[in-house]
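K.L.:
Line by line, the protein sequences are chains A and B.
First residue of the first sequence? That's 1 in this note's numbering, and the numbers climb one at a time after it.
First residue of the second sequence? That's 1 in this note's numbering, and the numbers climb one at a time after it.
Take these hints with a grain of salt, some might be off.
DSS-like cross-link-like pairs, simulated, lysine-lysine; straight-line CA separation at most 27 Å [as the list claims (entries may be wrong)]:
{"id": "1", "chain 1": "B", "residue 1": "Lys100", "chain 2": "A", "residue 2": "Lys71"}
{"id": "2", "chain 1": "A", "residue 1": "Lys55", "chain 2": "B", "residue 2": "Lys116"}
{"id": "3", "chain 1": "A", "residue 1": "Lys75", "chain 2": "B", "residue 2": "Lys100"}
{"id": "4", "chain 1": "A", "residue 1": "Lys10", "chain 2": "B", "residue 2": "Lys93"}
{"id": "5", "chain 1": "A", "residue 1": "Lys55", "chain 2": "B", "residue 2": "Lys93"}
{"id": "6", "chain 1": "B", "residue 1": "Lys242", "chain 2": "A", "residue 2": "Lys70"}
{"id": "7", "chain 1": "B", "residue 1": "Lys93", "chain 2": "A", "residue 2": "Lys75"}
{"id": "8", "chain 1": "A", "residue 1": "Lys10", "chain 2": "A", "residue 2": "Lys70"}
{"id": "9", "chain 1": "B", "residue 1": "Lys12", "chain 2": "A", "residue 2": "Lys214"}
{"id": "10", "chain 1": "A", "residue 1": "Lys55", "chain 2": "B", "residue 2": "Lys125"}
{"id": "11", "chain 1": "B", "residue 1": "Lys100", "chain 2": "A", "residue 2": "Lys10"}
{"id": "12", "chain 1": "B", "residue 1": "Lys91", "chain 2": "A", "residue 2": "Lys214"}
{"id": "13", "chain 1": "B", "residue 1": "Lys234", "chain 2": "B", "residue 2": "Lys279"}
{"id": "14", "chain 1": "A", "residue 1": "Lys71", "chain 2": "B", "residue 2": "Lys101"}
{"id": "15", "chain 1": "B", "residue 1": "Lys19", "chain 2": "A", "residue 2": "Lys142"}
{"id": "16", "chain 1": "A", "residue 1": "Lys55", "chain 2": "B", "residue 2": "Lys12"}
{"id": "17", "chain 1": "B", "residue 1": "Lys101", "chain 2": "A", "residue 2": "Lys70"}
{"id": "18", "chain 1": "A", "residue 1": "Lys71", "chain 2": "B", "residue 2": "Lys116"}
{"id": "19", "chain 1": "A", "residue 1": "Lys70", "chain 2": "B", "residue 2": "Lys100"}
{"id": "20", "chain 1": "B", "residue 1": "Lys12", "chain 2": "A", "residue 2": "Lys210"}
{"id": "21", "chain 1": "B", "residue 1": "Lys7", "chain 2": "A", "residue 2": "Lys70"}
{"id": "22", "chain 1": "B", "residue 1": "Lys148", "chain 2": "B", "residue 2": "Lys100"}
{"id": "23", "chain 1": "A", "residue 1": "Lys55", "chain 2": "B", "residue 2": "Lys100"}
{"id": "24", "chain 1": "B", "residue 1": "Lys124", "chain 2": "A", "residue 2": "Lys55"}
{"id": "25", "chain 1": "A", "residue 1": "Lys10", "chain 2": "B", "residue 2": "Lys125"}
{"id": "26", "chain 1": "A", "residue 1": "Lys70", "chain 2": "B", "residue 2": "Lys12"}
{"id": "27", "chain 1": "B", "residue 1": "Lys148", "chain 2": "B", "residue 2": "Lys93"}
{"id": "28", "chain 1": "A", "residue 1": "Lys55", "chain 2": "A", "residue 2": "Lys210"}
{"id": "29", "chain 1": "B", "residue 1": "Lys116", "chain 2": "A", "residue 2": "Lys10"}
{"id": "30", "chain 1": "A", "residue 1": "Lys10", "chain 2": "B", "residue 2": "Lys101"}
{"id": "31", "chain 1": "B", "residue 1": "Lys19", "chain 2": "B", "residue 2": "Lys263"}
{"id": "32", "chain 1": "A", "residue 1": "Lys10", "chain 2": "B", "residue 2": "Lys124"}
None of these hints come from the bench; they were simulated from the model.
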Amino acid sequence: MYNLLLKELKLGVSPFFYIMPFLTGALMLIPSWLYFLVLLYFCFITIPNMHAGYKSQNDLIFTNMLPVTKKDIVKAKVSVIVILELMHIIIAMIYGIISVHLYPNLIYLFFKPSFGFWGLCFVMIAIFNIIFISMYYKTAYKYGAASIVSITAAILFAGGAEWLGIQNSFVSDLFKGNGTDQLGTHLFILITGIVIFAICTFIAYRIAIKRFEKVEI
Amino acid sequence: MLALDIKNLNKKYEHFHLKDVSFQLEKGYIMGFIGANGAGKTTTIKSILNLIHKDSGEIHILGREMLEHELELKQEIGSAFGDINFYTRNKIKTLTNVIKKFYRNWNDDAYYNYLKRFNLNENKKIAELSTGMKVKYSLAIALSHGAKLLILDEPTSGLDPVARDNLLDIFQELVEDGEISILFSTHITTDLEKCADYITFIDNGQIINSSEKEEFIDTYRLVNGKAEQLDLIKDKLISFKKNSFGFTALIHARDFDPSWNLKSALPSLEEIMIYFARKEIVHV
Numbered sequence: 001m002y003n004l005l006l007k008e009l010k011l012g013v014s015p016f017f018y019i020m021p022f023l024t025g026a027l028m029l030i031p032s033w034l035y036f037l038v039l040l041y042f043c044f045i046t047i048p049n050m051h052a053g054y055k056s057q058n059d060l061i062f063t064n065m066l067p068v069t070k071k072d073i074v075k076a077k078v079s080v081i082v083i084l085e086l087m088h089i090i091i092a093m094i095y096g097i098i099s100v101h102l103y104p105n106l107i108y109l110f111f112k113p114s115f116g117f118w119g120l121c122f123v124m125i126a127i128f129n130i131i132f133i134s135m136y137y138k139t140a141y142k143y144g145a146a147s148i149v150s151i152t153a154a155i156l157f158a159g160g161a162e163w164l165g166i167q168n169s170f171v172s173d174l175f176k177g178n179g180t181d182q183l184g185t186h187l188f189i190l191i192t193g194i195v196i197f198a199i200c201t202f203i204a205y206r207i208a209i210k211r212f213e214k215v216e217i
Numbered sequence: 001m002l003a004l005d006i007k008n009l010n011k012k013y014e015h016f017h018l019k020d021v022s023f024q025l026e027k028g029y030i031m032g033f034i035g036a037n038g039a040g041k042t043t044t045i046k047s048i049l050n051l052i053h054k055d056s057g058e059i060h061i062l063g064r065e066m067l068e069h070e071l072e073l074k075q076e077i078g079s080a081f082g083d084i085n086f087y088t089r090n091k092i093k094t095l096t097n098v099i100k101k102f103y104r105n106w107n108d109d110a111y112y113n114y115l116k117r118f119n120l121n122e123n124k125k126i127a128e129l130s131t132g133m134k135v136k137y138s139l140a141i142a143l144s145h146g147a148k149l150l151i152l153d154e155p156t157s158g159l160d161p162v163a164r165d166n167l168l169d170i171f172q173e174l175v176e177d178g179e180i181s182i183l184f185s186t187h188i189t190t191d192l193e194k195c196a197d198y199i200t201f202i203d204n205g206q207i208i209n210s211s212e213k214e215e216f217i218d219t220y221r222l223v224n225g226k227a228e229q230l231d232l233i234k235d236k237l238i239s240f241k242k243n244s245f246g247f248t249a250l251i252h253a254r255d256f257d258p259s260w261n262l263k264s265a266l267p268s269l270e271e272i273m274i275y276f277a278r279k280e281i282v283h284v
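Just chain A, with the same shape it has in the complex:
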């Protein structure tokens, strides 16, 4: 499994995708922007391109000829997705802290980059993962439909959350107003988000293994 992970990181993922989190993360510096988009760029760009790379380099047959189990192949590929997602989130969080300090008196139209906001981001990525990973491994090469459905679901979640932030005064206060100082509540949302992310990704991984076992290469 460790060798497979190394193989993915060295061959499967273009170095560009390791730099991407620093580029998209910098978008956190735009004052009062729609910050869900920062992580959505990972879903828009990195995921489809990475999987297009697997397809064009015949990775499926290459990896399956190695002395490894199909389960480990899925495990390594899902791990790479998770590693990249965590990179995107953590780097964006760091930029977020800088952003908050750069503009201390800003009135936020959309959610402020608080701990609670990052919790919601984890939920958004969790929704993305459970759909993308489980759909992709039906064939292990058709990434188009899986990307469209999972990206749509993630956007709906982000859009819904922001809409609530406009419609509902409690949500608005919690994520944009004085509520952003309630560290306890925000940490709770963050931890809940992380737990949801872990559970959804694990379920996606289990479904992916079952589906990938049936794939003919």
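With chain A fixed as given, assemble chain B onto it according to the hints.
P.N.:
Okay, now just chain B, sitting in the frame of chain A:
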């Protein structure tokens, strides 16, 4: 000992059916796996490597059941697909460094020896290699991890005659010690006349014949006769071609009767393949 033992392999697709494929390869020999495009060569090879799920049948490699011992057996199998390339924009060096970690018996000295022998520069990218060089690279990888069975799908197609001859010489050298066995599929029958010990012929998903090369050819006769003789023996022929002098046909040696007064000769592998393909066209 058998390097490869396939019994009653079946795999059904909507438009194609691999029917009861069985054949054996003795350790230390080269087996040519021939058949027209679409006859089932790649499907058989993919089933052997467990890349596709067989419907039924048994596959034993080096005495062990493939499904049960897949991981250990993959350590001892070297495979190459002539027409599929992987990670072509990466250097040989990068690819090898990734691949070698998966093999317990990887031998770096052997690897560098093969690179030297095959004239491969490890700083070249896969895309910069000629077709023959790519096959040689796959061989270098397989041999450096101590593969005992090489399963090669169309390794010689796309090679020029010089590169092909060179590759076939390498195959022969590899099996000399009796440790390594090679199964390679091809539709270039002259390759087999040069280096195969055994021949397995697949046509439309079924094994027509699998035997030692001379015996394989000796199973058939190519006969020439006049047009009026054709009707008398038509039923015994595998298939025939009419020409201005009469006809030429392929027949099983056991069905051939010397009293017919026909000219007969041993066919080439190519002729066997062509006449079997004609049989299908006639029957359709």
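K.L.:
Does each hint hold? Answer for all of them.
P.N.:
Hint by hint, here is what the structure shows:
1. As the CA atoms of lysine 100 (chain B) and lysine 71 (chain A) are separated by approximately 20 Å, the hinted pair is consistent with the 27 Å bound.
2. At most 27 Å may separate the alpha-carbon atoms for a hinted pair to count; lysine 55 (chain A) and lysine 116 (chain B) exceed this at roughly 32 Å.
3. Pair hint lysine 75 (chain A) plus lysine 100 (chain B) holds up; C-alpha atoms about 20 Å apart against a cutoff of 27 Å.
4. Restraint check for lysine 10 (chain A) and lysine 93 (chain B): the C-alpha separation of about 12 Å stays at or below 27 Å, so the hint holds.
5. At most 27 Å may separate the alpha-carbon atoms for a hinted pair to count; lysine 55 (chain A) and lysine 93 (chain B) meet this at roughly 22 Å.
6. In summary, the hint linking lysine 242 (chain B) to lysine 70 (chain A) is not supported, as the alpha carbons are separated by about 53 Å, beyond the 27 Å threshold.
7. Among the hinted pairs, lysine 93 (chain B) with lysine 75 (chain A) is consistent with the structure: their alpha-carbon atoms are about 26 Å apart, no more than 27 Å.
8. A C-alpha spacing of about 19 Å is found between lysine 10 (chain A) and lysine 70 (chain A), which places the hinted pair at or below 27 Å, so the restraint holds.
9. Taking the CA atoms of lysine 12 (chain B) and lysine 214 (chain A), the gap is about 15 Å. The hint holds against a cut of 27 Å.
10. For the hint linking lysine 55 (chain A) to lysine 125 (chain B), the alpha-carbon distance of about 19 Å falls within 27 Å, and the restraint holds.
11. Between lysine 100 (chain B) and lysine 10 (chain A) the CA atoms are separated by roughly 14 Å; this keeps the pair inside 27 Å, and the hint holds.
12. For the hint pairing lysine 91 (chain B) with lysine 214 (chain A), the CA-to-CA distance comes to about 33 Å; that exceeds 27 Å, so the pair is violated.
13. At most 27 Å may separate the alpha-carbon atoms for a hinted pair to count; lysine 234 (chain B) and lysine 279 (chain B) meet this at roughly 12 Å.
14. A C-alpha spacing of about 18 Å is found between lysine 71 (chain A) and lysine 101 (chain B), which places the hinted pair at or below 27 Å, so the restraint holds.
15. Distance check on the hinted pair: lysine 19 (chain B) and lysine 142 (chain A) sit about 30 Å apart at the alpha-carbon level, beyond 27 Å; violated.
16. Pair hint lysine 55 (chain A) plus lysine 12 (chain B) holds up; C-alpha atoms about 26 Å apart against a cutoff of 27 Å.
17. For the suggested pair lysine 101 (chain B) and lysine 70 (chain A), the alpha carbons sit about 17 Å apart, so the restraint of at most 27 Å is met.
18. Proposed proximity of lysine 71 (chain A) and lysine 116 (chain B) is contradicted: the alpha carbons are some 37 Å apart, above 27 Å.
19. Restraint check for lysine 70 (chain A) and lysine 100 (chain B): the C-alpha separation of about 19 Å stays at or below 27 Å, so the hint holds.
20. Only pairs whose Cα atoms come within 27 Å are accepted, and lysine 12 (chain B) paired with lysine 210 (chain A) is accepted, the gap being roughly 22 Å.
21. Under the criterion of a C-alpha separation no larger than 27 Å, the hint pairing lysine 7 (chain B) with lysine 70 (chain A) is consistent with the structure, at around 25 Å.
22. The suggested pairing of lysine 148 (chain B) with lysine 100 (chain B) holds, with an alpha-carbon distance near 16 Å, which does not exceed 27 Å.
23. A threshold of 27 Å between alpha carbons decides the hint, and for lysine 55 (chain A) with lysine 100 (chain B) the separation of about 23 Å falls inside it, so the pair holds.
24. Straight-line distance between C-alpha atoms of lysine 124 (chain B) and lysine 55 (chain A) comes to about 23 Å, which keeps the hinted pair within the 27 Å bound.
25. Straight-line distance between C-alpha atoms of lysine 10 (chain A) and lysine 125 (chain B) comes to about 15 Å, which keeps the hinted pair within the 27 Å bound.
26. For the proposed pair lysine 70 (chain A) and lysine 12 (chain B), the alpha carbon gap of about 23 Å is at most 27 Å, so the pair holds.
27. Of the supplied pair hints, the one linking lysine 148 (chain B) and lysine 93 (chain B) holds, its CA atoms being roughly 24 Å apart against a limit of 27 Å.
28. Of the supplied pair hints, the one linking lysine 55 (chain A) and lysine 210 (chain A) holds, its CA atoms being roughly 21 Å apart against a limit of 27 Å.
29. This hinted pair checks out: lysine 116 (chain B) and lysine 10 (chain A) have alpha carbons roughly 26 Å apart, not beyond 27 Å.
30. A distance of roughly 13 Å separates the Cα atoms of lysine 10 (chain A) and lysine 101 (chain B); the hinted pair therefore holds under the 27 Å criterion.
31. Of the supplied pair hints, the one linking lysine 19 (chain B) and lysine 263 (chain B) is violated, its CA atoms being roughly 35 Å apart against a limit of 27 Å.
32. At most 27 Å may separate the alpha-carbon atoms for a hinted pair to count; lysine 10 (chain A) and lysine 124 (chain B) meet this at roughly 17 Å.
The structure fails hints 2, 6, 12, 15, 18, 31 (numbered hints given earlier, in ascending order).
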